[in-house]
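Position in the sequence shown (first residue = 1) + 332 = our numbering.
Don't take each hint at face value.
[To be verified] Here are the computed lysine to any residue pairs in the SDA-like style, where the Cα-Cα straight-line distance is at most 20 angstroms:
1) K361 - E348
2) K361 - A351
3) K381 - I338
4) K341 - D368
5) K381 - N391
6) K384 - G394
7) K403 - P388
8) K383 - N337
9) K383 - I338
Rather than coming from a laboratory, the hints here were simulated on the basis of the structure.
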Amino acid sequence: MTNNNIQEKIEQELEEARAICDASGANSKECAAAWDSVEELQAESAHQKEKKPQTPFENYCGENPDAAECKIHDN
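Starting from the given sequences, assemble the full structure and let the hints guide the process.
Below, the structure is given as structure tokens:
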């Protein structure tokens with residue numbers, strides 16, 4: 333899931349959490365679960381932002397793990 337997709341999902345979950353809390357009350361289990369979903373998505377978004385972009389060589393090795401230049405040898 334890309335960060336843009338996560339942001340869209342966060343917006344959807346926020347709207348849903350607000351609606352659930354309005355309907356069932358701010359102290360209900362349903363409301364707490366809805367906000368937990370929002371927090372999980374926000375944490376995933378933050379985690380994806382922390383990841384450093386891969387170099388072209390890392391991309392190549394990801395696509396070609398059996399290439400000789402991508403093999404790691406233990407001495």
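Structure-based check of each hint:
1. K361 - E348: 14 angstroms, holds
2. K361 - A351: 14 angstroms, holds
3. K381 - I338: Within the cut-off at roughly 11 angstroms; holds.
4. K341 - D368: It holds: about 13 angstroms lies between the C-alpha atoms, which stays within 20 angstroms.
5. K381 - N391: 18 angstroms, holds
6. K384 - G394: 15 angstroms, holds
7. K403 - P388: Roughly 16 angstroms between the alpha carbons, so the hint for K403 and P388 holds.
8. K383 - N337: Holds, at roughly 16 angstroms.
9. K383 - I338: Holds, because 15 angstroms separates the two Cα atoms, which is no more than 20 angstroms.
The structure fails none of the hints (numbered hints given earlier).
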